Structures are given as C-alpha cells and as structure tokens.
Amino acid sequence: MAYDPSLYEARRRGYTENYASTAAANQYARTLSQQRGARQRMAALRQYEQAQPQLVRAYSQRNLVSPNVRSGIFNRAMQEFAGERARGLSEFDLGQAEQMRQFDLEDARTLQEYRRALGDLEAEKAREIANAAAQLFAFRAGVA
Amino acid sequence: MSIADREEARQKRGIVAYTPKVEQPKDNSTFDFSKPASAWFTPENIKTLFAAMPSPTPLSYGGGGMSASDRLAQQKFDYEKQKDAAEKAQSARTLAAYQNMLSGGGYRSGIDDLLGVIEAQGKTTRGNVQKAYEDALAEIGAGYDTAQGLTTKGYGALEEFLRANPNNPYANVQVSAGTAPDAMEQLLSAYGVSAEPVRAQVAAEQAAAQQGAAGFQNLLSTLGGVAQQSDLSRLAEMEMARTLAGETLGTQRATYSSQAARGRADALAQIEAQLAQARLEQLMAANARRQQIEDVIVAAGGSVPSSGSTGGSGSGSGKGSGTDTAVNLPEVFTPQQAEDERRRRELAALALLGNQYLAQPTLGMFGME
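Residue numbers (this note's numbering), protein chains in the order written: chain A, 1 to 144; chain B, 145 to 513.
Hints listed in this document are in silico derivations from the structure and should not be mistaken for laboratory results.
Hints may contain errors.
Derived contacts from chain B toward chain A, CB cut-off under 8 Å, selection only [to be verified]:
no., residue
1, L239
2, A241
3, Y251
4, L294
5, M328
6, S333
7, E349
8, M382
9, E383
10, M384
Being a predicted model, the structure only gives us computed values, none of them experimental.
The beta-carbon is built from N, C-alpha and C at its ideal position, and this holds for glycine as well.
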C-alpha cells in the first residue's frame, strides 16, 4: 500500500480536536467546581460569622459572660465553636482540593493519551514510510 | 593376346605390355654348327634362314605382313591404352585433390565461417546479457539509496517528534495542601478564651491536608515515571524499527543483486549451451564431410593423410581449431567464479554432446579428452 500522508494528517486533526474538546470541558468543569466551592465556602463563613454573635448573646443572657464574668462553660463553648469552624472549613477545603486534583489528574491523563496517540501515529507513519520505501525499492529492482 | 584378354586386363586395373608373337624357325636342324661357317652359307641355307625370320612388327605399318583387321585391332588397342592413361591421370588428380582437401582442411572452410558467425553472435549476446546485468545492478543501487533515504527521513522525523514531545504531563501538575483556616484567635482572645486547643486542631487539619497532597504527589510521580518509561520504550522501539528497516533494505539489496547475478549466470549458461549445440552441429557436419572424403579416397585406392586430430585444425582460417568451444568468460568474474562457470559450462556441453559422441575420437577438437 502506498504511503498517503493525508490519512495521517486527518487522524492527527482528529486526535487534536478530541484532546482540545476534552481538555476544555475538563477545565471548564474545574472552573465551575472551583467557583461553586468558593461560593459554598463564603456561605459557610457567613454562617459562622452570623452564628458567633448569637452564641455570645445566648451565654450573656444566661449571665455566663459579661465584661466581668468569664465562665468556663462560655470558654468551652467558644473553643468548640472555633474548633467546629476550623474543622468545617478544613474539610471543605480538603474536599475542594481533592476535586481540583481530580480535574488536574484527568487533564494530565487526557494530555498523556493525546501525546501517546500522536507518538503512535508518528511511529506508524515512519513504519509506513519504511514499508513504502522497501516496496518502491522492490518495484525499481523489478522483482515486485 | 586377344582383345578380350586386354579388356579383362583393363578390368583388373592393370596394363599388360603387348608382345607380338614371333614365329620360331620351324627347323634349324639343317644348321650343323659343328661344321665350319663356310660350310653353312650355302645358298640353300641362307634361303632357309631368311624364310625362318619373323615378319615385320605391326607397329611399323610399313610392312606388308599385317592384315587390315590386325591393324584395326592395334589402333583400337592404342586408343584404349591412351584412354586408360587419361582416366588414370584424372583419377590421380581427383585423389590428390581430395587428399589435399583433407590435409589442408579445405573441406571445412564453410563450416569455419559458420563457426565464426556463431562465435560472433555468442559474443554479442553475452555482451547484451552483461549490459542488462549491469543496468539491473545500477537500478538496484539507485533504488536502495532512495529507499534508504526515505527510511532515514521517516524515522528521523519520528525521533525528532519524540524528543521534542516528552510524554510526561504529570510533571507540570501543581500540588498544594492549601491554607489552613484561622483559629479565630483574635475573637477568642477578646473574650479571654484560650485558643490553644483550636490551634492544635487546625494544625492537625493542616497535617491531614499535607498528607493528602503528598499522597497525590506520589500518585503523580508514579504516573510520571510510567509515562517516562513509556517514552524511553518508544524511543527504543523507534531505534529497533529503524535498524530493522535498514537491515531489511540491505538484505533486499543483497537478494536482488544475487537474483540479478543468478539471472545473468542462467542466461549465459543458456547461451553457452545453445552455442555449444550450434558448434557441435557444425563440427558434426565437418566430421561427416571428412568421413565422406576419406571413404572416397579409400575407395579410390588412395591413402588417408594422417593428421593429429580428425577434427581438422589445419584449416587455413584457423577457425576450426581445438578452441571451438573455448569459453570467453566475462571479465566481471573472479578467478574462482570463472573456474566454476567454466566447469559448469563444460558439464552443460558434455550433457549436450552425449555419450555416443564422447566415444568418438573427433571430440578431441573440443578439448574434452
């Protein structure tokens, strides 16, 4: 079979378009996830900011806290509140980071697949050129 | 002797001299030699003596003692004698001509010309075969160079691509543990609450996040290592494929060259066989003609001139020498190849000659004793 470079160019375009669309979709999904995570984090922060005065007010109404009073219950409640806030934000950030890593991993895997396909294509092309050269040689030698 | 006797003598291819009959004295008893001579010459004795003398010979014709019929017979005899002599001379000349033709090789002059034509045709055909072989070798060489160039260019492009596009996309992935949330230390401090437990928890959360990032980094490193190994494998595969392609082309070139050489050898062998057959036919014709001449000479009572070879290398042109079947090998052969080729052609010629011809001494002219 004679060597036809146009076939390889068509396949190369196919690989590139497939990679571009897949990577773009992945990147877009990553951006959306990141934005959604940022909104959710801000919402969580707002909730913690809104909850904190209510917590102080509740203990103040029970005279467990005042400018001159610092009860142990109030102290423990504030530490638990701060700890709960930190744990919530950390878990949220960790989940968000894992999602971003998943997107990054998918992006890298797609890129690897794309380059592997291009490498296979180039190797196949080189082999095809060598085979075509051998056939041309045979034709020229008058044995084919 | 009668005419019939002379005819018989002629048929025997011999010449018998004529001796005329002489009549003897009928009676010489009257001569008494014991007596003195004077006593002999008596008139009576003299008369008797003359009467007893033979008559004149017929060749003299002047005598009156030969009859007309005897003279006619004598003339006929003379004519026959002269005719015999002329025929003998003609036979001798013809015999000498045949002998000269045999010893001088003239009987094969036309055959020598034909052998020359055959040899010239063989030389032309061998030259054509050699030219075709050289053309084929040139095409094979040019085709190999072209194919080698294309193959080198193709695998060169592959190598360039692979080295310019190392396939390790995991190396560029950024891994971060993220920032730890604050411990609300200012707020806790404002209420006089210790932030130490919260700081410890935040540190624990940060440590967990860093462990997760490290695990992800390990994953990327593993995948990157696999990708790099795959790249190296592909480069090695490319090198092997390039080497194999080059070796394949080299093998093809050797094969094609060998096929061309074999084709040339076959063609030359076929040509030589045909030439040997043509030479053989001509030489057999020469031998047949020689045999005919020898038969004629022997039948005429002559002797066949002896020559070293019955094949008759004594031709004036020298074309019918013992080198009739000598093989003019192409100069492209090495000495060993030429020896092999000569032996092979001799075997082919022997096969053509056949056993019945090998038994003939005339084959000495082929140089195949």
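Comparing the hints with the structure gives:
Taken as an interface hint, B:L239 does not check out: its beta carbon lies about 63 Å from the nearest beta carbon of chain A, beyond 8 Å. For B:A241, the suggested interface contact is broken, since its CB lies about 59 Å from the closest CB of chain A, more than 8 Å. Hint status for B:Y251: violated, given a least beta-carbon distance of 49 Å to chain A, over 8 Å. The criterion of a C-beta within 8 Å of any C-beta in chain A is met by B:L294, whose closest approach is roughly 4 Å, and the hint holds.
Below 8 Å, beta-carbon pairs count as interface contacts, and B:M328 has one with chain A at about 4 Å; its hint therefore holds. Checking B:S333 against chain A by beta carbon gives a least distance of about 10 Å; that is not within 8 Å, so the hint is violated. The criterion of a C-beta within 8 Å of any C-beta in chain A is met by B:E349, whose closest approach is roughly 4 Å, and the hint holds. Restraint check, B:M382 versus chain A: the minimum CB separation of about 6 Å is within 8 Å; hint holds.
Below 8 Å, beta-carbon pairs count as interface contacts, and B:E383 has none with chain A, the closest being about 11 Å; its hint is therefore violated. Interface hint status for B:M384: violated, as the beta-carbon distance to the closest one in chain A is roughly 11 Å, over 8 Å.
Taken one by one, the earlier hints fail for this structure at numbers 1, 2, 3, 6, 9, 10, listed in ascending order.
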